[in-house]
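Chemist: My request is simple: use the sequences and hints to build the entire structure.
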Amino acid sequence: MTMAKQVGDARTWIRGARLVTAAGDQGTADLAFAGGVIEGPTPQGPVDVEVDGSGLVLTPAFIDPHVHLREPGFEVKEDLASGLAAAAAGGFGTVVSMANTDPVIDEPGLVRWLIEKAASLPGARLHPAAAVTMGLGGTTLTDAAALKEAGAVMLTDDGIPVSDGEVMRRACEWAADLGLVVQTHSEDPTLRRDGVMNEGAVSERMGLPGNPRIAEASMVYRDCAIAAFTGARVHIAHVTCREALDVVAHFKERGAPVTCEVTPQHLSLTDEAFASFDPIYKVAPPLRTQDDVDALREGVKRGVVDCIGTDHAPHTRDEKHADLLSAPFGIANIEVAFPVLYEALVKSGDLDLSALLRLLQDGPAHVMGWDAPTLDVGAPADVVLLDLEAARVVDPSTFKSKAKFGPWDAQTLQGWPVKTWVAGHLAFDRAESGR
Amino acid sequence: MSTQLEHLIDFDGVPIETIHAIFETTEVMAQVLERPVKRVPALQGFTVATLFFEDSTRTRLSFERAARAQSADVMTFARGGSSASKGESLRDTVATLDALHVDAYVVRHPAAGVPRQMAQWTKARIVNAGDGRRAPPTQALLDAYTYRQATGRAFEDTRLVIIGDVAHSRVARSNASLWHALGAEVVLCGPPTLVPPALAALPGVRIETQLDVAMEGAHAVMALRIQRERLTSARLASLAAYTAQYQVNEERLAGAAEDVVVMHPGPLNRDVEIDGALADGPRSLITKQVANGVPVRMAVLYHLLVGKGSR
Numbered sequence: 014m015t016m017a018k019q020v021g022d023a024r025t026w027i028r029g030a031r032l033v034t035a036a037g038d039q040g041t042a043d044l045a046f047a048g049g050v051i052e053g054p055t056p057q058g059p060v061d062v063e064v065d066g067s068g069l070v071l072t073p074a075f076i077d078p079h080v081h082l083r084e085p086g087f088e089v090k091e092d093l094a095s096g097l098a099a100a101a102a103g104g105f106g107t108v109v110s111m112a113n114t115d116p117v118i119d120e121p122g123l124v125r126w127l128i129e130k131a132a133s134l135p136g137a138r139l140h141p142a143a144a145v146t147m148g149l150g151g152t153t154l155t156d157a158a159a160l161k162e163a164g165a166v167m168l169t170d171d172g173i174p175v176s177d178g179e180v181m182r183r184a185c186e187w188a189a190d191l192g193l194v195v196q197t198h199s200e201d202p203t204l205r206r207d208g209v210m211n212e213g214a215v216s217e218r219m220g221l222p223g224n225p226r227i228a229e230a231s232m233v234y235r236d237c238a239i240a241a242f243t244g245a246r247v248h249i250a251h252v253t254c255r256e257a258l259d260v261v262a263h264f265k266e267r268g269a270p271v272t273c274e275v276t277p278q279h280l281s282l283t284d285e286a287f288a289s290f291d292p293i294y295k296v297a298p299p300l301r302t303q304d305d306v307d308a309l310r311e312g313v314k315r316g317v318v319d320c321i322g323t324d325h326a327p328h329t330r331d332e333k334h335a336d337l338l339s340a341p342f343g344i345a346n347i348e349v350a351f352p353v354l355y356e357a358l359v360k361s362g363d364l365d366l367s368a369l370l371r372l373l374q375d376g377p378a379h380v381m382g383w384d385a386p387t388l389d390v391g392a393p394a395d396v397v398l399l400d401l402e403a404a405r406v407v408d409p410s411t412f413k414s415k416a417k418f419g420p421w422d423a424q425t426l427q428g429w430p431v432k433t434w435v436a437g438h439l440a441f442d443r444a445e446s447g448r
Numbered sequence: 007m008s009t010q011l012e013h014l015i016d017f018d019g020v021p022i023e024t025i026h027a028i029f030e031t032t033e034v035m036a037q038v039l040e041r042p043v044k045r046v047p048a049l050q051g052f053t054v055a056t057l058f059f060e061d062s063t064r065t066r067l068s069f070e071r072a073a074r075a076q077s078a079d080v081m082t083f084a085r086g087g088s089s090a091s092k093g094e095s096l097r098d099t100v101a102t103l104d105a106l107h108v109d110a111y112v113v114r115h116p117a118a119g120v121p122r123q124m125a126q127w128t129k130a131r132i133v134n135a136g137d138g139r140r141a142p143p144t145q146a147l148l149d150a151y152t153y154r155q156a157t158g159r160a161f162e163d164t165r166l167v168i169i170g171d172v173a174h175s176r177v178a179r180s181n182a183s184l185w186h187a188l189g190a191e192v193v194l195c196g197p198p199t200l201v202p203p204a205l206a207a208l209p210g211v212r213i214e215t216q217l218d219v220a221m222e223g224a225h226a227v228m229a230l231r232i233q234r235e236r237l238t239s240a241r242l243a244s245l246a247a248y249t250a251q252y253q254v255n256e257e258r259l260a261g262a263a264e265d266v267v268v269m270h271p272g273p274l275n276r277d278v279e280i281d282g283a284l285a286d287g288p289r290s291l292i293t294k295q296v297a298n299g300v301p302v303r304m305a306v307l308y309h310l311l312v313g314k315g316s317r
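Respectively, the protein sequence lines represent chains A and B. Quick note: the first sequence uses my numbering, first residue 14, plus one each step. Quick note: the second sequence uses my numbering, first residue 7, plus one each step.
Treat the hints with care, as some may be off.
[Unchecked claim] Computed Cβ-Cβ distance ranges for the label pairs, DEER-style:
hint	chain 1	residue 1	chain 2	residue 2	range
1	A	PRO341	B	GLY287	49 to 55 Å
2	B	ALA206	A	GLU266	32 to 38 Å
3	A	VAL406	B	MET81	38 to 44 Å
4	B	VAL219	A	GLU266	22 to 28 Å
5	B	VAL219	A	GLY178	40 to 46 Å
6	B	GLY189	A	GLY148	54 to 60 Å
[Stated by the list, open to error] Just a sample of chain B residues kept apart from chain A, beta carbon distances all over 10 Å, derived:
hint	residue
7	GLU23
8	HIS26
9	GLU40
10	VAL43
11	ALA246
Keep in mind the hints are simulated off the structure, nothing from the lab. Ideal Cβ placement from N, Cα and C applies to all residues, glycine included.
Modeler: Structure representation (structure tokens):
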């Protein structure tokens, strides 16, 4: 049976949008697609849908190497349907789902099941990651070869660090041989302990157990060293502090096969957000300090950071209406990721639009070992129209995600996806979703 | 002016006049407790609920006594563990209790911030009886009140030294905040593993790891309880090692002011963080601290529910 994404039937012609990719601004042009692939500026047959793109930017749909879609097992938080719809609403055409579900994605049958189920759903394309260790237990390796054969595109125990150094080393030896990327949630559990927020002046003032930056930096060092030693491609998830980013830069300068991502929240929020005692800000690794935010933004500018990973991590409102010790870690953000990034990186003057797009297109593709997305003839019709002028108040009630709340609620943000097509199929249309 | 409190969660935003008004009311309440009939009708018709998510019989009884001595109705809600582990969100717990028409909650919880979170979800007054490592403001109030009552020294001329496991101590944080607001100088002292340098960011606070240096010119010395679990978490080599360097005793007070007083929030580990003889001796305010617990809490409940002046 085929497990390809359903292809949009309608020949669509987007007129007069500004075409921008990571390569640069290609000026105002038309773009047609049909049968799931791009035809070029001129449609190769009768047009079914014509879209006025004037005043908008047209670009390949984004790729997110790091999302939690919660299915199977935690459908109360999110499921494939809501998560993939949310991704499309955020302008993403492709997402990599993490394996920390229930059951854990540690068997080939589960990988196949996810791919089959997602193929029948509208929204973004799904590429599942599989676990490094059985049940995320940290001891017994999964069958990486069989998981890859089933369609897994990444190995990761994300959510839990692989604390045993030899397990990480051996997993990387397998991954190197198979050409699979290993993504790591690098925080030394013995240093992280029971920390619920960044350890520093704010945690001391608030009397909350801190999670020190050395927990992250030291394990990032270990994982980069293992990458260099084994030759495996290791992707450091959610780098959050200056020291950890310095480690990544150190290994990159020496040619180690290491990549890294940063999240929208770590580029825009600090531990001062906890002054409200709202567990909405509880995330792992934690929100750090302004100095770290500055360091991450510098890292983005200098190219040390390869891509954005949203780490979209939905929980229920009830779960977050808890005390700060027992509330779960995670921020749901995929639908506001682009405006948050546009505000933090482009409006701030740090990056031009193409550089931001590189972090959402070529960057994650490079991490995954995929071809960079393009608007060329024959490329998949995964595209997004962006309204960079629109300033909108974040209204979580319109979210496709089941997590209808987040740190940016009621804030006015500029730069929004308005239409997303995946395989030529209109997967998101802001005009139909209220805002 | 009104000295009514909206909540007593910490000392952020509490005017210094209100603190002094609470001290004045405490004197009155202490007199009430000396009478044959130890009850006034001040809080008649109000309902106070003690809501303890963490065990502390002594603190809970002290609050309940303080409420009953003013004729309030008292409800007790005790539950171990966090709300999440019972499958009910904290917010739902508050909603359930609100349906019982409570006027003030006295809350203790292992997580810092819970009283602050609850304040967003209820119209009732909230007294923080201890949230994680953050604050038990009535403990700080009774400590400061006891010091003022016993010494008569102005806070502006006072150096307070807090010694021990500052990292995990809400008593230390709360006292540092209050005594600084009252004008005192605050020194936090203890082993480097229990007095993190980041604490120096607290306003008006100095960190000192050498006890003899910290003691210089001290007017009030507060010893904190050492928890046994610190020995299993790589913070301390042994109790003996701690005692040798940081025990508060007559000898170690040598550099302190002539009339230095010694305090302890209780319960004491005798001859560990404080020398037993010192704790029982003339410099010790420990029994006075215990005695002032109920009148201070009476005053706090009074200012929360009735206030003084306008309402």
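Chemist: Against each hint, give a clear statement of whether it holds in the structure.
Modeler: Quick rundown of the hints versus the structure:
A hinted range of 49 to 55 Å holds for the C-beta pair PRO341 of chain A and GLY287 of chain B, which are about 50 Å apart. Separated by about 35 Å at the C-beta atoms, ALA206 of chain B and GLU266 of chain A satisfy the suggested range of 32 to 38 Å. Roughly 42 Å separates the CB atoms of VAL406 of chain A and MET81 of chain B, a value that falls within the hinted 38 to 44 Å. At roughly 45 Å, the beta carbons of VAL219 of chain B and GLU266 of chain A sit outside the given window of 22 to 28 Å.
Look at VAL219 of chain B against GLY178 of chain A: about 42 Å separates their beta carbons, and that is inside 40 to 46 Å. Look at GLY189 of chain B against GLY148 of chain A: about 58 Å separates their beta carbons, and that is inside 54 to 60 Å. Chain A leaves GLU23 of chain B outside its interface by the beta-carbon criterion, the shortest separation being 24 Å against a cut-off of 10 Å. For HIS26 of chain B, the condition that its CB be more than 10 Å from all CB atoms of chain A holds, with the nearest at approximately 25 Å.
Every beta carbon of chain A lies more than 10 Å from that of GLU40 of chain B, the smallest distance being close to 36 Å; the non-interface claim holds. Remark: the non-interface label on VAL43 of chain B is consistent with the geometry, its nearest Cβ contact in chain A lying 40 Å away (cut-off 10 Å). Interface exclusion of ALA246 of chain B from chain A stands, the closest Cβ pair being 25 Å apart, more than 10 Å.
Of the numbered hints listed earlier, the single one contradicted by the structure is hint 4.
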